Structures are given as C-alpha cells and as structure tokens.
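Undergrad: Sequence:
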Amino acid sequence: MNKAELVAKMAELSGLTKKDAEASLNAFMETVEETLVEGGKVQLVGFGTFDVRERKPRKGRNPRDPEQVIEIPASKAPVFKAGKTLKEKING
1 MNKAELVAKM AELSGLTKKD AEASLNAFME TVEETLVEGG KVQLVGFGTF
51 DVRERKPRKG RNPRDPEQVI EIPASKAPVF KAGKTLKEKI NG
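Residue numbers 1 to 92, in the working numbering, belong to the letters of the sequence shown in order.
Treat the hints as calculated values from the structure; they're not laboratory data. Keep in mind that this is a model prediction, so the values were computed, not measured. Using N, Cα and C, we set each Cβ at its ideal position, and we do this for glycine too. Just to be clear, a hint being listed does not mean it is correct.
Calculated cross-link-like contacts (lysine to any residue; reagent style SDA-like; alpha-carbon spacing at most 20 angstroms) [to be verified]:
no., residue 1, residue 2
1, Lys9, Ser24
2, Lys3, Thr31
3, Lys87, Met1
4, Lys56, Ile70
5, Lys3, Glu33
6, Lys9, Asn26
7, Lys41, Thr85
8, Lys84, Gly48
9, Lys89, Asn26
10, Lys81, Lys59
11, Lys3, Val45
12, Lys9, Lys89
13, Lys9, Leu86
14, Lys18, Val45
15, Lys59, Glu71
16, Lys87, Val45
17, Lys3, Asn91
18, Lys56, Asn26
19, Lys9, Phe28
20, Lys41, Pro78
21, Lys41, Arg55
22, Lys89, Lys56
23, Lys76, Gly60
24, Lys81, Gly60
25, Lys87, Leu44
26, Lys81, Phe28
27, Lys41, Gly15
28, Lys89, Lys41
29, Lys81, Phe50
30, Lys76, Ser24
31, Lys81, Asn91
32, Lys3, Ser24
Per label pair, the in silico range of CB-to-CB distance [said to hold, decoys possible]:
no., residue 1, residue 2, range
33, Ala4, Pro78, 18 to 26 angstroms
34, Asp65, Lys3, 36 to 44 angstroms
35, Glu30, Gly92, 19 to 27 angstroms
Let the hints inform the model, and build the full structure from the sequences given.
TA: Rendered as structure tokens:
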C-alpha cells in the first residue's frame, strides 16, 4: 500500500475527504518525525511504538572487495516495535 492508497482508505473509513485525510496523515507523519528528531518516542497503545536507537561504530567489509575493512560510524536509526494487539491481529 502506498501513500495515495492509504489516504483513500483513511478517507473511506473516516468519512473525511481525501484532501482532509491526506492533511491528517501528513500532520501525523510530521509530528512523529519531530518527536523522534528531538529524542522522544511515540507510543500508540495496542498499535506500537516509534523510537530511535543508537548504533555503535563498527567495522565492516566492502562487498566489492572483501579484503578491505571499513569503519562504519555511529548513527541513529528510527525503529517501530509492533504492539501486542497488532501482533495478535497479524497472527490470527
């Protein structure tokens, strides 16, 4: 499902226009992004949690030249952890 399909489904289920549904989705995504950039997390009980995880620096290998060892710097990565209710629905 892409963004356009998600907006159409949200509009259908909520009774909003596609324009209003897209504005709501954009506001949600922007809020999640801002919260994660600030170092916070977004927890939606039953659905899941958006969070940021720290990745330590490490050594890796160049796939084109396996002999070459490269340094991979520390970074931050956004993660989503599914909630219990969502997991139960997916698993039947």
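Undergrad: Look at each hint and say if it fits the structure.
TA: To see whether the hints hold, each was checked on the structure:
no.	hint	result
1	Lys9 x Ser24	13 angstroms, holds
2	Lys3 x Thr31	17 angstroms, holds
3	Lys87 x Met1	19 angstroms, holds
4	Lys56 x Ile70	14 angstroms, holds
5	Lys3 x Glu33	16 angstroms, holds
6	Lys9 x Asn26	15 angstroms, holds
7	Lys41 x Thr85	19 angstroms, holds
8	Lys84 x Gly48	8 angstroms, holds
9	Lys89 x Asn26	26 angstroms, violated
10	Lys81 x Lys59	27 angstroms, violated
11	Lys3 x Val45	23 angstroms, violated
12	Lys9 x Lys89	19 angstroms, holds
13	Lys9 x Leu86	18 angstroms, holds
14	Lys18 x Val45	26 angstroms, violated
15	Lys59 x Glu71	5 angstroms, holds
16	Lys87 x Val45	12 angstroms, holds
17	Lys3 x Asn91	25 angstroms, violated
18	Lys56 x Asn26	31 angstroms, violated
19	Lys9 x Phe28	16 angstroms, holds
20	Lys41 x Pro78	10 angstroms, holds
21	Lys41 x Arg55	17 angstroms, holds
22	Lys89 x Lys56	34 angstroms, violated
23	Lys76 x Gly60	17 angstroms, holds
24	Lys81 x Gly60	26 angstroms, violated
25	Lys87 x Leu44	13 angstroms, holds
26	Lys81 x Phe28	17 angstroms, holds
27	Lys41 x Gly15	29 angstroms, violated
28	Lys89 x Lys41	23 angstroms, violated
29	Lys81 x Phe50	7 angstroms, holds
30	Lys76 x Ser24	27 angstroms, violated
31	Lys81 x Asn91	15 angstroms, holds
32	Lys3 x Ser24	12 angstroms, holds
33	Ala4 x Pro78: 18 to 26 angstroms	23 angstroms, holds
34	Asp65 x Lys3: 36 to 44 angstroms	38 angstroms, holds
35	Glu30 x Gly92: 19 to 27 angstroms	34 angstroms, violated
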